[in-house]
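Asker: Protein sequence lines correspond, in order, to chains D and B. Just so we're aligned: the first sequence equals residues 1 to 417 in our numbering. Just so we're aligned: the second sequence equals residues 1001 to 1284 in our numbering.
Rather than coming from a laboratory, the hints here were simulated on the basis of the structure. Note that the structure is a prediction, hence the values are computed from the model and not measured. Certain hints may be false.
Straight-line C-alpha distance at most 27 Å; calculated DSS-like pairs for lysine-lysine [stated by the list, open to error]:
(1) D:Lys153 <-> D:Lys134
(2) D:Lys230 <-> B:Lys1044
(3) B:Lys1278 <-> B:Lys1219
(4) D:Lys192 <-> D:Lys230
(5) B:Lys1044 <-> D:Lys153
(6) D:Lys192 <-> D:Lys270
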Amino acid sequence: MSQPIIEVSNLSKRYHLGAIGATSLREEFSRLVDRVQGKPHPDAQEFWALRDVSFEIQPGEVVGVIGRNGAGKSTLLKILSRITEPTSGRATMRGRVASLLEVGTGFHPELTGRENVFLNGAILGMNRYEVRRKFDEIVAFAEVEQFIDTPVKRYSSGMYVRLAFAVAAHLEPEILIIDEVLAVGDANFQRKCLRRIRSLAAEEMRTVLFVSHNLSAVVQLCTRAVYLQKGRLGAIGSPAEIIRDHFNTGHSATQISDLARQPRSAQLGKQALLMSAQIAGAAGDNSWQLAFGSPIKIEFKINVRDRLQRLELGIGLFNLQDVEICSSLSSWSTQHGPIDPGIYRLIAAYPALAILPGTYRFGVGLKSEHDLLDYVPEAFDIQFVDAPHAARPNLATVGGAIAVDITTTLTRLPELT
Amino acid sequence: MSEPPREIVIEATHDLRFLDWRELFAYRDLLRLLVWRDFATRYKQTILGPLWHIFQPLLTTVIFTIVFSQVAELPTDGLPPTLFYLSGLLAWSYFSQTFNSTSSTLVANAGLFGKVYFPRLIVPLAGVVSNFVSFLIQLLSFFTILLIYRAAHPGASVGPRWSAIVFLPLILLQLAAFSLGIGLWLAALTTKFRDFSVLSGFLLQLWMYVTPVILPLAKVPPAWHLYVALNPVTMPVECFRYFLLGTGWVNVSLLFVSIATTAVALISGLLVFQRVEKTFVDVV
């Protein structure tokens, strides 16, 4: 079959900002009058959540849809799931579609697990014979055998999520659309879900469209990625390349990150302002890319406007799931101050950190004795790449944030007789 | 999977779409389960459970009998007041409940509709069916009371006509069609203007007074009959009495007026609803 299973061409979706929904009859009437007279309505604030997006997906592909918040990912999935219509353009889906935009849609708390499996299956488009045939498999996958005749309101949240995902995972559509559902459930179950999705595609030739903020899941799972940027198609191709190219845009182009322009709360940056940051002594043409295990030295420029008794720097390193994996305060080692107004250079040097390859984000703050002076949550991104000299096999396949070398001893015990 | 892969084209549609029978049929299991869910969950943690289906019309009948018949001394077409009100309420409560459940469809299920696609019409249709089941329970209680009455008054001629077996289902069908049609209109309008959800409760209250639930149609001056028949609920209510109790004022030409209004309401309701359902999640 050479025909693409999903064909999206020039898909666009427009929303009206401000007056969504709850307009008064009078306003609606004045809009109608304007429309009849051919005048554009004065406060018609338009917003294109999706603009001229086109791509094709072949059967058996697992495609990740990625992009920052507000890039149009959810809108795209809503249109492809037929929850709302596009404003223009078209999408052709050649096969049965099941979408899982939320775990447990339509679950009723008063009904038992068994009853909900049938109800949820029907909502997702299965008929009763299909559900009956798959029932034991679903229950086994969800690991809720003992509680299947208990109302789901008595379930733990983990059980609830497992059962709900299990139903969806056993649908037999040609096209499966999944949104962020892996953000729930414990790590074990998440891995199980990922395995299930992978086998759906690999063994049963199902096509999967998968939206996630979990970029590492996208890299692991997807054969291709669609990158959306402000409603437009930014790029399409290998997930690893797209993530490398686009998830530090704005920072990687210049050697110096302009912190003065980064968003921050209004009252911050008055007494002292973080102006810029730069990696000192980085190798390669992209200064924000560092080899695994290399020491980091960051050079900040700070504009001190008032005389300060004390100046303290705080740095947090976050992974893509926004978990802070490393925090530092300058005051742990050195006290700075008192200092007079002026422009200062502050160098922060890390020891060699064995942070696992991937993209990370720095958040930087300044503090006086008592008050927070400045804080830039998304100061700059940094990438650690696997390097030959790292000499640690299988580095890319391990989980966690930091690689720690441990020493091990193995001793043979005398055999028991 | 047995069925061949079909092609789904998603684009902005501007033309009016009528019913997609094939798709509705494919989701028949969902309809069945939604009806079942209605019954399984409605009376959880209640003492009386499904008996509420019987209590509501019975209590209303008692109050009507006391207030309208005993105190206000309004005529009941020569029928025992209890049977008169009960038969009228039978038809009326089917109408009002179906109207209510249909008109709240889109807003009440916005969360569900925002997350998964299935033909939206399944939900109001499930309401039509599940209200029909509660209608049957009420019909049973009506016959029980009729039997008790007949036992207490051996000489009375009050009772159902044999033709009811043919005509009553047809009348019920008209009632279902009308309540669905008008309910779909309200559902569509409510997504944009919540005023209509307030209006629908209020409308229903007033509507009962222009329907011969409390007063027999025979009491209405003949010059007003055409206007009264334009209310498509009038004829079904009067027909119910005619077929179940043997007394009533049924006029065939007025019946046709009523059927015509019903057809208009149903067809336009379906069109409007299917127009709105395509993008309503954007505005709810």
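Asker: Against this structure, judge whether each hint is valid.
Answerer: Each hint, compared with the structure:
no. : hint                    : verdict
1   : D:Lys153 <-> D:Lys134   : holds (23 Å)
2   : D:Lys230 <-> B:Lys1044  : violated (47 Å)
3   : B:Lys1278 <-> B:Lys1219 : violated (46 Å)
4   : D:Lys192 <-> D:Lys230   : violated (33 Å)
5   : B:Lys1044 <-> D:Lys153  : holds (13 Å)
6   : D:Lys192 <-> D:Lys270   : violated (50 Å)
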